[in-house]
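2 protein chains.
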Amino acid sequence: MAEERLPSRSDNFAEWYNQLVLRSELADYAPVRGCMVIRPYGWALWENLQAALDSRFKATGVTNAAFPLLIPMSFLEREKQHVEGFAPELAVVTIGGGEKLEEPLVVRPTSETIIGHMWSKWIKSYRDLPLLLNQWNSVVRWEMRTKLFLRTMEFYWQEGHTAHAGPDEAEGRTRQMLDIYADFAENEAAVPVVRGQKSESEKFAGALRSYSIEAMMGDTRALQAGTSHNLGDNFARAFDIRYLDKENQLQYAWTTSWGLSTRFIGAIIMVHGDDQGLILPPRLAPHQVVVVPIHKSDDERALVMGALDRLADELRRFRVHVDTRDGLTPGFKFNDWEMRGVPVRLEIGPKDVAREQVMLARRDTPGKQGKLAVPFAALADGIQAMLDDIHTALFQRATDFRQAHTHTPSDYAEFRQVVEDGWADVWWCGRSACETEIKEDTRASTRCIPLDQPGGTGRCIHCGEPAEKRALFARAY
Amino acid sequence: MAEERLPSRSDNFAEWYNQLVLRSELADYAPVRGCMVIRPYGWALWENLQAALDSRFKATGVTNAAFPLLIPMSFLEREKQHVEGFAPELAVVTIGGGEKLEEPLVVRPTSETIIGHMWSKWIKSYRDLPLLLNQWNSVVRWEMRTKLFLRTMEFYWQEGHTAHAGPDEAEGRTRQMLDIYADFAENEAAVPVVRGQKSESEKFAGALRSYSIEAMMGDTRALQAGTSHNLGDNFARAFDIRYLDKENQLQYAWTTSWGLSTRFIGAIIMVHGDDQGLILPPRLAPHQVVVVPIHKSDDERALVMGALDRLADELRRFRVHVDTRDGLTPGFKFNDWEMRGVPVRLEIGPKDVAREQVMLARRDTPGKQGKLAVPFAALADGIQAMLDDIHTALFQRATDFRQAHTHTPSDYAEFRQVVEDGWADVWWCGRSACETEIKEDTRASTRCIPLDQPGGTGRCIHCGEPAEKRALFARAY
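Same order as they appear, the protein sequences are chains A and B. In terms of this note's numbering, the first sequence has 465 at position 465, counting the first letter as 1, and numbering is strictly consecutive. In terms of this note's numbering, the second sequence has 116 at position 116, counting the first letter as 1, and numbering is strictly consecutive.
In short, the hints are calculated from the structure, not lab data. These numbers were taken from a predicted model, which means no experiment stands behind them. Do not take every clue at face value.
If chains are identical, the list can't say which one is meant, so a pair holds when it fits in one copy or spans any two.
As the list claims (entries may be wrong) - Cross-link-like lysine-lysine pairs, in silico, DSSO-like; alpha carbons within 27 Å at most:
| id | residue 1 | residue 2 |
| --- | --- | --- |
| 1 | 147 | 351 |
| 2 | 147 | 469 |
| 3 | 351 | 296 |
| 4 | 296 | 371 |
| 5 | 58 | 121 |
| 6 | 121 | 100 |
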């Protein structure tokens, strides 16, 4: 229950974000530095993300499993790139049951290694492939600069892992999961994303190729919102994952991994929110509709609650929360639920009951302009239409915003200007050295090389060398 | 795919269990001693347990949240009984991000302490109570003697935590959750349970009172299948969880916790399984029905698969798996799915199609006696009736078995005999010293003091002192 106003989003985006996460009770700081507690409102949102993703995964033949939290340190060392990438971030268990361990165990930062170990036992023949697994869990990466949801020492995610008979199948699955993330982001969360390949320096430690979906936040910074990696046969060689092919020859499997985390909740907040607070996308919001009954006397109360009882079947089709808290004014409740981002508010008072109607208010267009009187008889259709409209409007607004802040500078001087407040879509030579110089100079990094390319060739925005691909550069979370 | 026969359940129950878990691909051993990998078939079963429990929790107002994995060591030390109980079992992180930590962090063995810490921030007023939270996660307890599902170093569970304004509410919630566990066990898993209170020596470290549901396994040993604890104000005092009551006085809250874990999967295996393998309870089985199409020629195959297509809408009402694997005989598939415990097998061949019928076979009554021809027109009803029958039959069989192996010895000599192969339902004085002597002598411990008491008084089966309650003694997992 927020009495003080939120910091303004345009004045202080970072403080607006932090305050909003705390006040809306999505999450709180945990006692261990860099860890967070996800509170019921935040976890209900995550459960809806999970359901939307999980059903998409399962529709492609993926099944869930659970691999252990603790991994022998030696496992990480088997894949050279992998250990170089993760060694600085590890939490290490050295004592168990009161005794010093012979071999330290790491709390998983990701599970390629332990899954690789198990697969070397399970995969014998081409008949065992493809093997399509996913797990929902948390992982720990020691982070110095943390921020609720966006970068925490422990975070929640799903990590998918698949094994295939060859390069084409692995690449196909990698791209398929990227497409699923994009579909989820746009059609569930109303967050427009660019699908693209990560540069060599930005790819996953141990991957052959990494892909990501990239979204523009409300301050124009980029956020990597999901990643999908073709691991080649790197982990298969490190963990001896081999199968007998149809010609009875031993072959290394090809593997992939792909993940989307609670970071995505940060994206939802930063893409859609406004000065009043959260705006949650209708298909994922814990409460799609909040009902605020309005009454002054006991008689009025009985009248209003009686009408809501008669509407219960219609309302049950949605995730509805009825705010029956005593001692709070309707105005206070309106503000409270606006701050917490419920897409549709349903107001009902004695006059509405007399007219056999309710008032629906849209969170994304505050004030009178978004209000609509809907007859009892058309309630479910009216709510559904409004939820769909809100989804479309949020997606459109975010797409327009991204377009308005995505620039195509014609030289490096202009590039330096535009990345101050937006993304740069430019020809890039692909060299890591060039990328590093740009980053040191402007704090903008390559976000991805979009899959959707215009064709043709150009000159690198920085070094002027020939370039075959356009890349997105931006400051990023 | 098991070619070798399972060890016989009656000859070697322990080895039957271990082999069955591995061969049915419920779980596998992980590289870290005492840890397990839950494979897709096992995890799908756990997901069904989760759904059945989660909906029951939510119906009582509980919401899910997520508290961190890592807990400062000092938190555990605040509640004296708690740290004494858990200190020997801790996994301790001493290195993070490459540096030695100033304060070691423990991997949660349970979350009362960190939740207590957060609640001291969140709970201010009686209006904040009751606070009803749950989380699905894994916890780590260093175990020396481990067994897949039953006792593993890391295990998966839900841990519910609630805070209340006083003793009655806390006790009420503790018992309510115990009842939910019993309802779940009996009506979802077909596992009959006894609800009861744990003795002083068997209660949770830090609890005022602990309750459990106890189930009899197929070898007559007992298994504690779920626990619910009234924590009194012990954790509230340790973590300063206080609220202003309606008279504006500061009061300590009363808290509860309750958990049910992947151990329950062990109970399902050991209660229902037989020499052929698993028998999964119909309401939780990953596949309720396995379809084995029978055909010799391509024409026959087209005929059979065409019929299945026409039945798709009926079949979709259940969790159905169609076994279309090539190169395996129907007989092999029958054995394979029997071993994996699918409740109903649906056979369909060309003759069945001609007669517009399928053959349904029950897993719990192997052989011809359980087979039933069901017309296409009555398929869904036929399957539903068979699933319900199997549930009832499994529950009845387990109840009869428990009854046949629960004894009421009249003296301690007889007691020593009966606990060799069953439970003893006896008057007990309630003294820990007496309990310890019995355990050292017979390896039977108090499982619980059943809530359902006959009334009256008696003499302790061991020491002969006056006894007000009857208790269940048994050897336990």
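Right, here's what the structure says about each hint:
Within a single copy, residue 147 and residue 351 get their C-alpha atoms no closer than 47 Å, and across copies no closer than 66 Å, so neither meets the 27 Å cut-off. Taking identical chains as interchangeable, the C-alpha atoms of residue 147 and residue 469 are never at most 27 Å apart, the minima being 33 Å within one chain and 55 Å between chains. In this homomeric assembly, residue 351 and residue 296 come within 27 Å of each other (Cα to Cα) only inside a single copy, at 12 Å, whereas the closest approach across copies is 72 Å. For the homomeric pair residue 296 and residue 371, the shortest alpha-carbon distance inside one copy (22 Å) is at most 27 Å, but the shortest distance between copies (66 Å) is not.
In the homo-oligomer, the alpha carbons of residue 58 and residue 121 lie at most 27 Å apart inside one protomer (24 Å), although the nearest pairing across protomers, at 40 Å, exceeds that limit. Taking CA atoms no more than 27 Å apart as the test, residue 121 paired with residue 100 passes in neither setting, with 29 Å inside one copy and 35 Å between copies.
Hints 1, 2, 6, counting from the list given before, are not met by this structure.
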